[in-house]
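As they're listed, the protein sequences go chains A and B.
When we follow numbering that gives the first Met the number 0, the leftmost residue of the first sequence carries the number 0, and every step to the right adds one.
When we follow numbering that gives the first Met the number 0, the leftmost residue of the second sequence carries the number 0, and every step to the right adds one.
Straight-line Cα separation of at most 25 Å, DSS-like style, residue types lysine-lysine; simulated pairs: (1) B:Lys389 / A:Lys475; (2) B:Lys297 / A:Lys411; (3) A:Lys380 / A:Lys343; (4) A:Lys264 / B:Lys56; (5) B:Lys297 / B:Lys343; (6) B:Lys291 / B:Lys187.
With the Cβ distance kept under 7 Å, some of the chain A side facing chain B (calculated, not the full set): (7) Leu58; (8) Gln102; (9) His145; (10) Arg154; (11) Glu249; (12) Pro414; (13) Lys487.
If you're looking for bench data, these hints aren't it; they were derived computationally from the structure.
For every residue, glycine included, the Cβ atom is placed at its ideal position computed from N, Cα and C.
Residue-level listing of the chains:
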Amino acid sequence: MRATASFALALALAATGAEGQIVSEAPQRAAVTIYRDGEPDYSTPAYEAELDPWSGLALISETRSVDLPAGRSRISFRGVAETMVAETAAVQGLPGAVIERNQDYDLLSPGALLEAAIGETVRLVRTNPVTGEATVRPAVVRSAPHGPVLEVDGRIEPLRCSGLPERIVFDRAPDGLSERPTFSVLAEAPRAGRYTVRLSYLATGFNWAADYVAKLAPDGRTVDLTGWLTLVNHTSTSFALAPTDVVAGELSRDEETVPVQAEAKPVTTGCWGSLDRPAIPPLPIPEVAYRMGAPAMDNVEEIVVTGSRVAVQSELGDYKLYTLPEPTTVAARQTKQVLFLDQKAVPVERVYAFRVDDDTELDDPEPGPTTVALRLRNEAKTGLGKPLPSGVVAVMAPSERGLVLAGEDKVKDTPVGLPLDLEIGRSSDVQAEVRVLRDWEEGGFDRKAMEVTFTNARGQPVLVEHRQAPTGEDFKVRRASERAGFLKGDAFWRLQVPAGGQVRLTYEVAARS
Amino acid sequence: MSRFPVALLAGVAFIPALAVAQDAPRQSLTIYNSNLALVQDTRTQAVAAGRSRLEFKDVSGQIRPETVSLSGAGVGVVEQNFDFDLLTPGKLMEKAIGRQVQIVRINPGNGQQTTETATVLSVNEGVVLKIGERIEVLREDDIPTRVIFDRIPENLRARPTLSVTVDSASAGVRPLTLTYLTHGLSWKADYVALFDEAGGRLDLQGWVTLSNNSGVTYRDADVQLVAGDINLVRSEQEYFARYGQRRGATRRAGTETPTGPESVADYYLYPLPARTTVAQNQTKQVSFLDVKGGRARKGYAWRAYGFQTLEEPQAADVAVEFTNSTAGGLGAQLPAGIVRVYVKDQAGEPKFVGENRVDHTPQGSDVSVKIGEAFDVTVQPTVVAHERSKHNHSRYRMEYVVRNARPQPVTVTLRQGGMWRDGKVLEESLKSTRVDAYNLAWDVPVPANGETRLTAYIDTGH
Numbered sequence: 000m001r002a003t004a005s006f007a008l009a010l011a012l013a014a015t016g017a018e019g020q021i022v023s024e025a026p027q028r029a030a031v032t033i034y035r036d037g038e039p040d041y042s043t044p045a046y047e048a049e050l051d052p053w054s055g056l057a058l059i060s061e062t063r064s065v066d067l068p069a070g071r072s073r074i075s076f077r078g079v080a081e082t083m084v085a086e087t088a089a090v091q092g093l094p095g096a097v098i099e100r101n102q103d104y105d106l107l108s109p110g111a112l113l114e115a116a117i118g119e120t121v122r123l124v125r126t127n128p129v130t131g132e133a134t135v136r137p138a139v140v141r142s143a144p145h146g147p148v149l150e151v152d153g154r155i156e157p158l159r160c161s162g163l164p165e166r167i168v169f170d171r172a173p174d175g176l177s178e179r180p181t182f183s184v185l186a187e188a189p190r191a192g193r194y195t196v197r198l199s200y201l202a203t204g205f206n207w208a209a210d211y212v213a214k215l216a217p218d219g220r221t222v223d224l225t226g227w228l229t230l231v232n233h234t235s236t237s238f239a240l241a242p243t244d245v246v247a248g249e250l251s252r253d254e255e256t257v258p259v260q261a262e263a264k265p266v267t268t269g270c271w272g273s274l275d276r277p278a279i280p281p282l283p284i285p286e287v288a289y290r291m292g293a294p295a296m297d298n299v300e301e302i303v304v305t306g307s308r309v310a311v312q313s314e315l316g317d318y319k320l321y322t323l324p325e326p327t328t329v330a331a332r333q334t335k336q337v338l339f340l341d342q343k344a345v346p347v348e349r350v351y352a353f354r355v356d357d358d359t360e361l362d363d364p365e366p367g368p369t370t371v372a373l374r375l376r377n378e379a380k381t382g383l384g385k386p387l388p389s390g391v392v393a394v395m396a397p398s399e400r401g402l403v404l405a406g407e408d409k410v411k412d413t414p415v416g417l418p419l420d421l422e423i424g425r426s427s428d429v430q431a432e433v434r435v436l437r438d439w440e441e442g443g444f445d446r447k448a449m450e451v452t453f454t455n456a457r458g459q460p461v462l463v464e465h466r467q468a469p470t471g472e473d474f475k476v477r478r479a480s481e482r483a484g485f486l487k488g489d490a491f492w493r494l495q496v497p498a499g500g501q502v503r504l505t506y507e508v509a510a511r512s
Numbered sequence: 000m001s002r003f004p005v006a007l008l009a010g011v012a013f014i015p016a017l018a019v020a021q022d023a024p025r026q027s028l029t030i031y032n033s034n035l036a037l038v039q040d041t042r043t044q045a046v047a048a049g050r051s052r053l054e055f056k057d058v059s060g061q062i063r064p065e066t067v068s069l070s071g072a073g074v075g076v077v078e079q080n081f082d083f084d085l086l087t088p089g090k091l092m093e094k095a096i097g098r099q100v101q102i103v104r105i106n107p108g109n110g111q112q113t114t115e116t117a118t119v120l121s122v123n124e125g126v127v128l129k130i131g132e133r134i135e136v137l138r139e140d141d142i143p144t145r146v147i148f149d150r151i152p153e154n155l156r157a158r159p160t161l162s163v164t165v166d167s168a169s170a171g172v173r174p175l176t177l178t179y180l181t182h183g184l185s186w187k188a189d190y191v192a193l194f195d196e197a198g199g200r201l202d203l204q205g206w207v208t209l210s211n212n213s214g215v216t217y218r219d220a221d222v223q224l225v226a227g228d229i230n231l232v233r234s235e236q237e238y239f240a241r242y243g244q245r246r247g248a249t250r251r252a253g254t255e256t257p258t259g260p261e262s263v264a265d266y267y268l269y270p271l272p273a274r275t276t277v278a279q280n281q282t283k284q285v286s287f288l289d290v291k292g293g294r295a296r297k298g299y300a301w302r303a304y305g306f307q308t309l310e311e312p313q314a315a316d317v318a319v320e321f322t323n324s325t326a327g328g329l330g331a332q333l334p335a336g337i338v339r340v341y342v343k344d345q346a347g348e349p350k351f352v353g354e355n356r357v358d359h360t361p362q363g364s365d366v367s368v369k370i371g372e373a374f375d376v377t378v379q380p381t382v383v384a385h386e387r388s389k390h391n392h393s394r395y396r397m398e399y400v401v402r403n404a405r406p407q408p409v410t411v412t413l414r415q416g417g418m419w420r421d422g423k424v425l426e427e428s429l430k431s432t433r434v435d436a437y438n439l440a441w442d443v444p445v446p447a448n449g450e451t452r453l454t455a456y457i458d459t460g461h
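All chains, please: the whole structure from these sequences, using the hints.
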């Protein structure tokens, strides 16, 4: 058995002997493009979130300088993001043909170390727990790693089933095992020389979100709208001074575009009976040094906002590309915020909305709140006219003691030209009460006489939008006290309710029985 | 667990391990898309005259032992065994029941060792020993106690081991070929498509991505890949895993016969150009396609399955459409895989813009790869009226607002399902095509930074 293992080793050396082994330790420059993936988890601060290797995406383009001998070389790329999806890699700038490229993820771990030593001689060190005396014996590994069994002095003993301190000492680490997944390219160079190589790849664990703050003017007629890009790097790889941009839009993604899951094999003892105990304590989870307080430079970015520090928007196919104003360091385990939108005095209309549909409680009516929305028109002539990537808008209102949060809403990707309603909450001052005054059938139609009363406890008149969803086929509205409009499939009214007053709307609905 | 009683094998079990004499295997791998490979492993091996038992090391850990066959000149196979009873301390103790072991106790006060001989009585949630006339439970007092065994029982091994008992007319060294199917080897295609929208061109690179999780390394192997779905008697779960991921990107199946890869049965073969080492826990990529300047266009599409009102506009899908025909400049049949599309940004840097799957696609097919949703092109449908017509029929007055915030005009293919029995269009503001009995389609032109309102009045049964 021993002979076979050493023979395999010799073979391994022979197989790799023909080509030069080049290691590229780190990129000289990198550019990062971050894609949005799913909705950010607003309930967990980024510094507490676990690295989910399946979420988030970035395109990393690295520039590296590689010294190649003439002939065939295997170039290993280190310092790549550990979430690299190797099959997406593109390597440009090599002088000759790429023969193949590999990602090796046979990890060096306690289990792999022991497994590679099957049939080989190792040293077994036993320490007498009383005297502290250590004895070293040569031992042949006969089984691993689901319960190591050793042959010592021609007899068979399991490892670490006795309760004695025991350990195995190996002479060398086996070939072909690496500390992390390694991407390499086997390439042919016609001439030796220094080559500038571009390595680009997709990596998960990066994400971004748009966050908006809309500050209402004291008169409530305009908002100052600012938008922030929040970049998150959940990986443990940093990219220093990298040109960085983000892509807004929904890309099709495939669930298999994820980094390889390398298995780190532990050693289990596999001892008998109930007295089993782990041979090797579970590996401690490394403490990640979270950046709880952002470094000084980031604080500066958050506070000092000038026009020149605003991300620049351009087109990328059918998506929007936001390029950060200058190269930035996308550090491991960091969130970073950069302004991308700063629009002053965008006109808004405050709308109080109410809708009657199948879910509305009609048999036991009571007054209920209306929904308050701020309506923006995303057009250049109204002072906006910018694509708005999906995100959360926080609406702030001035008060005597400074700004207060008036409410939050999510917005979808909103192109220029579409109206945008920000629902910021429910109004207790502007209420609606629906009552069915009469319910009958006539001429093959189900009919209802409706009465909706809007009350306004605010000090200024308000605009109310009332919608009545169709009640069935051949839906009709008749005898309305105000003429009905049509909006998104519903009957629709816009009503002005005076300050401290009320408005009553009556109409009949009919639908085929 | 052994397939045969130990006694039956005892006669051949003491034949010296001939594996040591084995030469470096020459291996060839035929890898399928469906987590399966055919391994042909030729080794030069000394075979004794008469019956002998050969052990084969370094065969796949995920071998399907029922598919093993061994061939060699003048060698007949008596039986094949795949032993997967692994040697662990617990198994060692179980097999020692009724046998004697050595017990070494270490005195926790002075470190003195005392050695005794014990007989193992049982291994049930603890080990019961008979030491002299005493019955004890091993390490009940938690005093460190070593247990030393005389030998490793016959059928316990460090790794699952394939052994073949052969009958040979003569002794001698000869090549033996072991053929088997194994899981843990698979491949797929990964495509990089660089799309130039303005020029209507597509550069398409294809990479074969093969992965090996079978447990062993295949050194200097001859590798060929089979593109196609071979039938396998398999679990439903695997079936759905295989087909569930395939989203149809093929719009029209092609009829061109490729000049490239060799075909075998109804599948295509992609041999790797040179022998290569396929290492355990490795993903290996080799280029198989590199075509430049094929014709391609971008398409916008939006689809409704029923008649509905949407509160908010919905983004249209964006797809890159091409024909993998010789005339279209992309004449190659495409093995199933993922197409990742890149376009150049304003600085000329290629940027990823979305990915999707293609199925095994014959040459000459129309392919439409959805890459994402358009930020600036939206569709908002409204049911303006829903009327009852004759028995079991409804009439829908539909309005679709198709908006375009891009500075170029676009055409959106709008597809409306929900046409059931006797479905017909009574009025429409643009001419529709009837895709089939159940679906209508309109090509809706939308001006730059503008919108188009499409209206239709439709009567359909339920």
